[in-house]
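Going letter by letter, the sequence shown gives residues 1 to 632 in full-length UniProt numbering.
Treat the hints as calculated values from the structure; they're not laboratory data.
Possibly wrong hints are sitting among the right ones.
[Claimed, not checked] Simulated pairs of lysine-lysine, DSS-like, Cα-Cα distance not exceeding 30 Å:
hint: 1; residue 1: Lys538; residue 2: Lys559
hint: 2; residue 1: Lys292; residue 2: Lys418
hint: 3; residue 1: Lys121; residue 2: Lys109
[Said to hold, decoys possible] Restraint ranges, calculated between C-beta atoms of paired labels, are given here:
hint: 4; residue 1: Thr505; residue 2: Ala403; range: 16 to 24 Å
hint: 5; residue 1: Asp467; residue 2: Leu170; range: 53 to 61 Å
hint: 6; residue 1: Val448; residue 2: Leu90; range: 21 to 29 Å
hint: 7; residue 1: Asp253; residue 2: Thr230; range: 13 to 21 Å
hint: 8; residue 1: Ser213; residue 2: Asp561; range: 23 to 31 Å
hint: 9; residue 1: Ala204; residue 2: Asp513; range: 20 to 28 Å
We put the CB at the ideal spot given by N, CA and C, even for glycine.
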Amino acid sequence: MTGIDDILPPADGPDGSDGSPDRRSRRAGRDGRDGRAERDASRTPRPLWKRKRLWIPVGVLGVVVIGTAVSAALILPRVDTVQSELRDALPLSDQVQTALLAGDIDTAKAGAAELRDHTAKAAEAADDGVLGAYEWIPFVGPNLHAARVLAATSDRLATDVVTPATEVSLSAFTPVLGRIDLDGIRSLGQTVQTASDGLAGARAELETIDRDSLWAQVADDVDLMDDTLTSTEETAGTFREVTGVLPDLLGADGARNYLLMFQNNAEVRSTGGNPAALVLLTVEDGTVRIAKQASSNDFPRNVRQGDVPDETVRLIEPRSDRFEQNITMFPDFPTSGALAKSYWEANIGDRVDGVLSFDPIALSYLLEATGPITLATGDELNAENAVPTLLGAVYSQYPDYLAQDRYFASAASTIFAKLVTDTPPVVPLVTAIDRAIDEKRLLLWSTVPEEQTLIEGGPLSGALPDDNSDATAIGLYFNDIGSGSKMSYYLRSGSRVQAETCGDTTTYTVSVDMTSIAPADAATSLPRYVTGLDGTAKGRQFDDLLVYGPVGSTVTGWKTDADLTTEEARGTDMGRGMIRIRTELAPQDTKTVDVTFTMPASDAQGPLEVRHTPLVRPLESEITQVPCSTGG
C-alpha cells in the first residue's frame with residue numbers, strides 16, 4: 001500500500017546514512033572525484049507536488065476550470081430560458097395572425113399578450129448583463145451575443161409589431177351600406193407606420209450579429225429571424241403604401257371615376273378576353289355607385305384610337321387599336337387601360353381616372369365570398385354556375401348579341417353592388433380577391449402617376465417586368481383573331497421552357513401545346529354565336545399565339561409539325577424578342593409550337609418564370625435548366 005513515505009524522501013538521506021557533517025564531508029570529496037554528472041544522477045527527484053513549474057500551469061488550469069464551471073452555471077440557465085421561452089412563443093405568432101385574418105380581435109389580443117409574456121421573459125434572461133459579460137470569449141461570445149439579440153428582437157416584434165397589429169381590423173377595407181370608412185383606413189395607416197418603426201429597430205439589432213462566427217444551430221435561428229423580418233417588412237411596406245394612397249383612390253379629395261372592364265375569356269385576348277361590357281363606377285368620400293354602363297356597340301368600329309406606336313400595333317395585330325373589343329390584345333395592361341380611357345372619353349364623355357378589369361372566373365371567386373346574386377333578368381349566379389353560364393349557356397339562352405352584352409353588364413354591376421352594399425365575411429372576400437390577383441384575373445391601371453407607380457411591378461399591373469433582375473419572364477399570350485366565336489372556352493394549353501447556357505450565351509426553347517377540347521361535332525351541336533361568324537369554319541379556333549422572350553432576347557427560330565400554322569410578325573416589343581404565330585385548331589385537335597430565343601448569359605438574372613393569358617382552364621408550365629449540350 002502506498003503511503004506518504006513512498007512519495008517523500010527518507011529522513012536519514014538518500015543513501016541510508018544519518019546525514020552527519022563528517023559523512024557529508026567525505027561525501028563532498030567523493031563528489032569532487034566523480035564529477036557533476038554522477039552527482040546529478042544520484043540525486044533523488046523532488047516530489048511532483050513540490051515542483052513550482054508544475055503548479056503554475058496547473059494553477060492557471062484550475063482557475064480556468066473553476067471559472068468555466070462558474071461561467072457555465074451562470075450562462076446555461078439563461079440560454080435555456082431564452083430557448084424555451086422563444087420556443088413557446090413561436091406558435092403564438094401564427095395564432096395571432098390567423099385570428100386577425102378571421103376578424104377575431106379578442107383572440108388575437110389574448111394571443112399577443114401571451115406572446116409578449118414569453119418574449120419578455122426571454123429578453124430579461126438574456127439582457128441581465130451575464131451573457132453580455134462573456135461575449136468577449138472567442139468562439140462562444142458571438143453566439144451568446146446572437147442569443148441576446150434574438151431574444152431582444154423577438155420582444156421588440158411582440159411589443160412594437162404584433163401588439164399594435166391586434167388593433168387592426170381588415171373590416172376597414174370593406175364597405176358598409178355602400179361606403180368605405182376612410183378615417184378607419186387612415187388610422188390603420190398610422191398603426192402600420194408604428195409597426196414599421198418597430199421593424200426598423202429589430203432589423204438594426206439583427207445586423208449587429210457576426211454571422212461568420214456562429215454555430216450551425218444559432219446560425220439557423222438567426223436566418224429564421226431574418227426571414228421572418230423580411231416577410232413582415234414586405235407585408236408592412238405593402239400595407240403602408242396601400243393605406244397611404246387608398247383614401248385618395250376612394251375619392252377623399254374629390255370624386256373619382258373608374259371604368260370597370262369585364263373580360264370574356266370565351267373570346268380570348270392577351271389579358272383575358274373580349275372587354276365587351278363596361279361599367280363606370282364613381283367613388284367619392286368612400287361611397288361607391290354605378291354611374292353608367294356601355295358595351296362595344298357604343299363605340300365606332302375600325303377607327304384608330306389612342307397613341308399606341310405603329311410598330312407595337314403591327315406586332316400585336318393591325319386591328320388591335322381600331323376596335324374596342326380588341327384593346328385587351330396587348331400583353332401590357334397599362335396600354336389596354338389607356339386605350340379604354342381614350343375610347344370612353346372620346347365617345348361617352350366622362351373623365352376616366354383608372355381602369356379595373358376582371359373576368360367570369362374572378363367573379364366566381366367573389367361569389368364564394370358574397371353568396372349568389374340575382375341579375376336583372378331574374379337569373380341567379382353562384383360560384384358553381386357563373387363560369388359555365390357566362391361563358392357558355394348565355395349564348396343559347398340569349399341568341400341576340402345585344403342581350404348578351406346586357407347580361408354581362410348586369411353580372412358585373414350586380415356583383416359590385418352586392419360588394420358595396422352588403423358586408424361579406426372578410427376572410428373569404430380577401431381570399432377570393434387574393435386568388436384573382438394571383439391568377440392575373442384582377443388588374444388595375446391608374447392615371448395618377450404616384451398611384452400607378454405603386455401598382456407597377458405588382459400582380460395587379462398586368463405587365464411584364466421591365467428587366468430580368470427579379471424575374472426572367474417568358475410571356476405566352478393568345479388572341480382570337482376575328483372569327484367572332486366563343487370557342488376559346490374550349491382552349492386548353494400548357495408549356496415547357498428549357499434554358500441552356502453555353503459560354504456567354506443562353507438559349508431558351510419555349511414549347512407551347514394548344515388543344516381544342518370542343519366536341520367533335522361542335523360545328524353543329526353548339527350555338528351559332530359560339531361557333532363563329534358566317535364565312536368562317538364553324539367550331540374551329542383561330543388564334544394568334546404571342547411568345548415573348550426575356551428582356552434583351554432575340555427570336556432565333558421556331559418550328560412546328562402542325563399544318564395551318566404561320567408566322568405573322570416578329571420583332572422587339574417592350575425590350576423583348578417576340579413572335580406572333582397564327583394557329584387554327586379543329587375540335588379535338590392539338591398543335592405544338594417551339595420558339596427559340598437567345599441572349600447574353602448573365603448571373604444577375606432572377607428566376608425563370610412564365611407569365612400568360614388567364615385562360616378558362618389553368619395553363620401549366622414546366623421549367624428546366626439543362627447543361628450545355630456542346631460542353632461549353
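Okay, the hints, checked on the actual structure:
For the hint linking lysine 538 to lysine 559, the alpha-carbon distance of about 27 Å falls within 30 Å, and the restraint holds. Taking the CA atoms of lysine 292 and lysine 418, the gap is about 17 Å. The hint holds against a cut of 30 Å. At most 30 Å may separate the alpha-carbon atoms for a hinted pair to count; lysine 121 and lysine 109 meet this at roughly 19 Å. The given range of 16 to 24 Å is broken by threonine 505 and alanine 403, whose C-beta atoms sit roughly 56 Å from each other.
Judged by the Cβ atoms, the range 53 to 61 Å given for aspartate 467 and leucine 170 is violated: they are separated by roughly 34 Å. A beta carbon spacing of about 42 Å between valine 448 and leucine 90 contradicts the range 21 to 29 Å that was offered as a hint. With their beta carbons about 34 Å apart, aspartate 253 and threonine 230 fall outside the hinted range of 13 to 21 Å. Restraint check, serine 213 to aspartate 561: a C-beta distance of roughly 60 Å breaks the suggested window 23 to 31 Å.
Judged by the Cβ atoms, the range 20 to 28 Å given for alanine 204 and aspartate 513 is violated: they are separated by roughly 51 Å.
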